[in-house]
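K.L.:
Each chain is listed here by its residues.
There are 4 protein chains.
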Amino acid sequence: MIKHSNYGKSRVRLVKVEREGDRHHFREVTVHIQFTGDYDECYIRGDNSRILPTDTMKNTVYALARTAPLGAIEDFGKRLCLHFLDNNPHLHSVRVELEQAHWSRLGKHSFQRGTEVRTASVVDGKSFNSGLKDLILLNTTDSSFEGYVRDPYTTLKEARDRIMGTSVEASWLYAGTNQDFDTLWQAIRSRLVEVFAGHVSPSVQSTLYAMGEAVLADFPCVEEISLSLPNKHCLLVNLEPFGLDNPNEVFLPVDEPHGLIEATLSREHS
Amino acid sequence: MIKHSNYGKSRVRLVKVEREGDRHHFREVTVHIQFTGDYDECYIRGDNSRILPTDTMKNTVYALARTAPLGAIEDFGKRLCLHFLDNNPHLHSVRVELEQAHWSRLGKHSFQRGTEVRTASVVDGKSFNSGLKDLILLNTTDSSFEGYVRDPYTTLKEARDRIMGTSVEASWLYAGTNQDFDTLWQAIRSRLVEVFAGHVSPSVQSTLYAMGEAVLADFPCVEEISLSLPNKHCLLVNLEPFGLDNPNEVFLPVDEPHGLIEATLSREHS
Amino acid sequence: MIKHSNYGKSRVRLVKVEREGDRHHFREVTVHIQFTGDYDECYIRGDNSRILPTDTMKNTVYALARTAPLGAIEDFGKRLCLHFLDNNPHLHSVRVELEQAHWSRLGKHSFQRGTEVRTASVVDGKSFNSGLKDLILLNTTDSSFEGYVRDPYTTLKEARDRIMGTSVEASWLYAGTNQDFDTLWQAIRSRLVEVFAGHVSPSVQSTLYAMGEAVLADFPCVEEISLSLPNKHCLLVNLEPFGLDNPNEVFLPVDEPHGLIEATLSREHS
Amino acid sequence: MIKHSNYGKSRVRLVKVEREGDRHHFREVTVHIQFTGDYDECYIRGDNSRILPTDTMKNTVYALARTAPLGAIEDFGKRLCLHFLDNNPHLHSVRVELEQAHWSRLGKHSFQRGTEVRTASVVDGKSFNSGLKDLILLNTTDSSFEGYVRDPYTTLKEARDRIMGTSVEASWLYAGTNQDFDTLWQAIRSRLVEVFAGHVSPSVQSTLYAMGEAVLADFPCVEEISLSLPNKHCLLVNLEPFGLDNPNEVFLPVDEPHGLIEATLSREHS
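Chains A, B, C and D, in that order, are what the protein sequence lines are.
Residue numbering for the first sequence is 33 to 302, as defined by the numbering used here.
Residue numbering for the second sequence is 33 to 302, as defined by the numbering used here.
Residue numbering for the third sequence is 33 to 302, as defined by the numbering used here.
Residue numbering for the fourth sequence is 33 to 302, as defined by the numbering used here.
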């Protein structure tokens, strides 16, 4: 029996240019759509009569992008959800995930792309997660790691002063459905960066908690926040064989293996 | 409050050579370890006294690889789970994910690597999922897609005979914990490929179902199977502007956007 | 002044299905086209009147794929070259580079893709380089590295018996223009693999030379061969801190840094 | 016979932290080293006695990073070249390529990484190319493409107003060897961006030329500049099937295929 199924279209890439006179706004968004519903017959009997082709989902993205201002990606995700729910009787739930590339303005109609990605996940037009990924941050000091468990396989030396680098992935759930998503996203992103940069860290776990707590404390509209922080290690290079010391100056950055620290923090309800 | 947390080490890469006389066995495995447990104090108070460093997790992979034959990746994952559970009183649950690269034998001590990846996920040494990914398959015929829902945004033409290509990702849960994992993996992989190649397909959904059903039917030890099949579209090129027909010969393969069809099939229990 | 310029289309992806009754042939090729010629005015004055749009180059790939059997990628590259040279008076030289994905047959119309890529570079339909890349090979023994230069920065230990792994990239120039490219490619590829697997290697340099020499010795139609062999290191893990030995069994494979050994061998002419 | 050979170490990753009181400077550089010289015996006879191991090259990067301030990557590349030339009698020429990741300052010891990469290539400590890559720029207007060659395979419509996006790769050769590389790099990078953003473009070729010419005109120390501009197409989506117009608002960005426009501009010497 089919315990669960979903189908949809991934990596639908959209660019929209919106113009205020000669000042242009440029947005690049990638959309992923997943349908869940009463589709077992399609799988079991090869009956396509309930299937909205994923090609049509793709077309819908472009059509709906044209018929109204795009708005925040959360708002656009909501419009897509409601459209699909209204028009597909066998659809029970639709998840729309969106990724917006970071383009910074260079002039009235010129832009440069960065690494950072703004994300959103909208379910049924009613549940809104916003977030970010590929926000690559690093502190050269104020990070230590000491006092941990030692066992026969421990070789790590305690570090009083180490580099802490990470690629932040965050996603937060809003309490309500009617937010000024653009303004909030900027404010929450800034808060995350500010806490990371200012934290005196005894562990990645502690920094993660400080970041999440700050968002919950400062943004009552955030119900819950998940953070995923890979520990992008910078290993101190041993220069002793060459008769040199290394007073925390020369490091080898490695991508693998990496620590991975993840947690979801939620507001306590009394 | 912390609703959930986990921490661990990702992308621990291991090669092990095992020798039967001058016939060598070569295995390349990447290991991901995630701990869940009583670690809230580490996050909240920066108290590291319960934390086993992720560096030690990495060392443990290499040490345990040495002290016994590696066995199937599922068996190695089990050994890692049991080791960590035995030695970390604050650890409630440990998940070990493993990926084995596909190396085919060229000679007694020579090997060539392929794309396909064998995967496993072992939880607490008691729950075993095995699987594969990056198994890229394609049929040039016996695939159609017709009779689907049409709406104002539909432009897709019905296809009586199309190419169907996909990159299979599969994961199945074993009923018991004591299997001959290597033999089963080979047999299940072969069955998946065989069904894909032989299926006359009215939709990706139908092919996915046939693949999953065949595994459940033929392997009583499989409790449940999840399949994820991206529809790697090959678009028929329109050659009419050049005065040419295109009788299903010339195609444009595209990576994005792609359909994504996923389902979990489980055994019905009466 | 413009010292050099070229323009063209990259990553034109083509699939062609050719049928012998119910036995299908499936080919996936990516084409890169670069024009060099009398185009300075386009750059300097923005005069487009000599420019064949790169979009038209792309269309030409699909049209020419339809109007004749594809043949070997070298033959298809030649047809493209001649077409462009015949129709573009300002074109002095055209380079067509082609990459063919490796699909192995599973049945009459079913295929599986591997990693290996067959390559070709055709200039003006007269000069033919064939080659391959992403051929990932490894020997678990018969490789050593000893007797090298030692200086104050040397820490590497001599290895009597090490793993040697690489991702072969090779390209060879044919003497003539009218070859059975498919048959030759298979034979040369096999020879490269055979020499790699059988060589008792004092260095990657030596193995590279043996591979190249074997091709020049056995294939008189090959004028010159270039090989690029990254040394994909497998580092012996130090298990002493854990009270364990490591008799060449447990390794850490790393992607970076890697040695890179390259050479071009040519036939000596008296 | 060996027509050409080179060997060396690629992807040597280095981080260096330099401190002015509590203000930290953070640099991440990847180094590639290639030796050319009198090494034929190593290939032909497996004689390693002239080979400096690539592992030692790697160690040298870390040691030399410690023994002096890093300086501009061009300066560091020069130090590496001179070290290797001084100590390896069989070395004829050494090429050091360096890539510096872009980290922007967030605070006294906090940084964020961007996409852009600064590059340099230093040969024998005497020839200096500087450059950049992954500088992703886009104009939403002031770009057209008209008046080009039409042939039977042309389907492209002339565009009066199109989006022009690219990922700039540039490399320029300095006339002298003793430059203030950091200051010049910033100034040349800014000039390239400024010209791109301000150019009214009839073709990518024309924009490329304007960028290169501006650098040659404003920086007498630049002898020659090479630019590679992929045309990252944004395709206007056809919304007519849905009864909608599309006044240059909704686009599909594609990575493949892409136009690729390249040229080297050099100073004319009388």
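To be clear, the hints were calculated from the coordinates, so they are not data collected in a lab.
Check the hints yourself; a few may be wrong.
Copies of the same chain look alike in the list, so a pair counts if it fits in one copy or across any two.
Here are the simulated lysine-lysine pairs, DSSO-like style, with alpha carbons at most 27 Å apart [as the list claims (entries may be wrong)]:
(1) Lys35 with Lys189
(2) Lys264 with Lys140
(3) Lys189 with Lys158
(4) Lys165 with Lys35
(5) Lys264 with Lys35
(6) Lys264 with Lys48
(7) Lys165 with Lys48
(8) Lys158 with Lys48
(9) Lys165 with Lys189
(10) Lys158 with Lys140
(11) Lys189 with Lys48
(12) Lys35 with Lys48
Computed from a prediction, not measured in an experiment: that's the story for all the values here.
K.L.:
Next step is simple, just say for each hint if it's right about the structure.
P.N.:
Results of checking the hints against the structure:
no., hint, verdict
1, Lys35 with Lys189, "neither (48 Å within a copy, 31 Å between copies)"
2, Lys264 with Lys140, "between (37 Å within a copy, 20 Å between copies)"
3, Lys189 with Lys158, "neither (49 Å within a copy, 33 Å between copies)"
4, Lys165 with Lys35, "between (31 Å within a copy, 21 Å between copies)"
5, Lys264 with Lys35, "between (38 Å within a copy, 25 Å between copies)"
6, Lys264 with Lys48, "between (35 Å within a copy, 15 Å between copies)"
7, Lys165 with Lys48, "both (22 Å within a copy, 26 Å between copies)"
8, Lys158 with Lys48, "within (24 Å within a copy, 45 Å between copies)"
9, Lys165 with Lys189, "neither (31 Å within a copy, 37 Å between copies)"
10, Lys158 with Lys140, "neither (35 Å within a copy, 42 Å between copies)"
11, Lys189 with Lys48, "between (51 Å within a copy, 20 Å between copies)"
12, Lys35 with Lys48, "neither (39 Å within a copy, 38 Å between copies)"
Going through the hint list in order, the structure does not satisfy hints 1, 3, 9, 10, 12.
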